[in-house]
Amino acid sequence: MSTEATHRTIDAVYRMESAKLIARLTRLTRDVGAAEELAQSALLAALEQWPVSGVPDNPAAWLMQTAKRRAIDGMRHLKVRDKKQDELGYTTELTKTVPDLEAAVDDDVGDDLLRLVFIACHPVLSTEAQVALTLRLLAGLTTGEIARAFLVPEATIGQRIVRAKKTLSDKQVPFELPRGEERKARLASVLTVIYLIFNEGYSATSGEDWVRPELCQDALRLSRILSTLMPDEPEVHGASALMALQASRIAARTDADGEPVLLADQNRARWDYTLIGYGLKALERAEELDADLGPYALQAAIAACHARARTAEATDWSRIAALYGRLAALTGSPVVELNRGVAIGMASGPAAGLAHLDACDMSALASYPLLPAVRGDFLQKLGRFAEAREELTRAARLAQNDREKKLLRDRAARCGQG
Amino acid sequence: MRFMVIVKATAESEAGVMPTTAELEEMMKYNEELVKAGVMLAGEGLQPTAKGFRVQMDGAKRTLVDGPFAETKELIAGYWIWEVKSREEAIAWAKRCPNVAGAGKRGEIEVRQIFDAADFGDALTPELRAKEEALRQQAAARG
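Chains A and E, in that order, are what the protein sequence lines are.
Going by the numbering used here, the first residue of the first sequence is number 129, and it counts up by one from there.
Going by the numbering used here, the first residue of the second sequence is number 12, and it counts up by one from there.
Here chain A stands alone, though its shape is the one from the complex (with noise of 0.2 Å):
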């Protein structure tokens, strides 16, 4: 093998690895930013070694052999000095663990993943820094790697992990599993992390693609991880199946100009029935966990019943409608509410939609396109021209983008000749 062709894979071994030996070394050390420079030093290890002694037949073991030895090394120095200054009465609680290190080594390595995740999301953290650090940690991105994902300099990103590390340390935010109500609150943190960078693949909010759908992997990827992690939270099942029923439509939500093609118009053929066959087990999942669907369940169950729906025809609206009545009870978010309008204006028709949009406190969506956008669909449907264009115009005046601002002013110019 090449060198080169052993650095690739030295590089795709440790990206594999990288989380499990951090993860591990982390429980040894207690301390995230040392375990990932031992894990680092293995790296450097493997990259100085592979190329002259080839590839191990067990490279993972390597890996993890190597770095045990140096945080044993590094304690075994710790020890001795306190063997000294233990004449003066210290000791470490650190060092009373090395015996036991051996067989901490061999067991199971779940427990240690999921206590890196909690860490890496930990709420003394800025989302900022738990977004880089999870990707960093967790995803085995480098630097580079997320500060490009976000469009960002890679300096800022490297402050960002290394203030991250810090806090932590100096918090002394403890390695462990949350237990009872703050395990709740701690989950939900890493979820809203996780969805936020698929999210930032989905709708990239900067740049000039309209989808990264790297970044959408690497969280459809923590997502499966933390499915078999936490197999028991109907969440976490649920988080996974909304982020592979949405990925399911990547292909086939751009034209071949790059432009936006909306659900309805979508060519289904080109849907990714692989993800949607993962995400819908993954919703079924949530649902035998717990019938009382959490707000991810509940957006995964929507989009399940556009992902059943062989034509756009065929959507079953009533449902759909009656789940964004369920989600709307859970957050209260008008946003929802002004969805579940749509829904009902797709069953039942558009004055049923309108109604419902009446009958909402929409104020905090007072600068919000797509109220007016949809009253004015609404209306326009119900032959009331005059108060389509003027809802059509406010749309086109809020709206951000060039293109979405011409194609509603077109809709109210229609309107003005109907």
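In silico DSS-like pairs for lysine-lysine, Cα to Cα no more than 30 Å straight-line: (1) E:40 with E:116; (2) A:312 with A:409; (3) A:148 with E:40; (4) A:148 with E:47; (5) E:96 with E:19; (6) A:148 with E:106; (7) A:312 with A:294; (8) E:106 with E:40; (9) A:312 with A:299; (10) E:96 with A:409; (11) E:96 with E:40; (12) E:84 with E:116; (13) A:533 with A:509; (14) E:96 with E:47; (15) E:62 with E:19; (16) E:106 with E:96; (17) E:62 with E:116; (18) E:47 with E:106; (19) E:116 with E:47; (20) E:62 with A:409; (21) A:409 with E:40; (22) A:312 with A:148; (23) E:47 with A:409; (24) E:40 with E:19; (25) A:409 with A:148; (26) A:148 with E:96; (27) E:106 with E:116; (28) A:409 with E:106; (29) E:19 with A:409; (30) E:84 with E:19; (31) E:62 with E:40; (32) E:47 with A:312; (33) E:62 with E:72.
Label pairs and their in silico Cβ distance ranges: (34) E:97 with A:316: 24 to 34 Å; (35) E:71 with A:395: 25 to 35 Å; (36) A:418 with E:46: 17 to 27 Å; (37) E:97 with A:161: 21 to 31 Å; (38) E:22 with A:401: 27 to 37 Å; (39) A:316 with E:43: 23 to 33 Å; (40) E:66 with A:395: 21 to 31 Å.
FYI, nobody ran anything at the bench for these hints, they're computed from the structure.
Don't be surprised by glycine CBs; every beta carbon is placed ideally from N, CA and C.
Starting from the known structure of chain A, fit chain E onto it as the hints suggest.
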């Protein structure tokens, strides 16, 4: 990137001989690893070709040929669909696979990259694109 991992058939798999408990356990452990790593999207074992069939095409003519089929080494006994970051990752996972023919025997898996939508970019001819566009407009008109 997505790969299909094709498990080649053996005389035993074609005869419908089930793997031993030890072999099953080893394979299940490997499957678990794939799932835990978030790599596995799908995977199934296939029944012997004795229960399958082929449809041969000669111009417009169709001929049904029932299994079983000869050339055992060319047959398929199962598959996985993996989502990985790189070809190298697929190789690393493939090398970890337990011997699919059973301990001490000669087995083989074949790993093939699956086309994704972007790959069709150039293959989708202007005519096909136009057709797709027309279909889409039809759907939109109906909706």
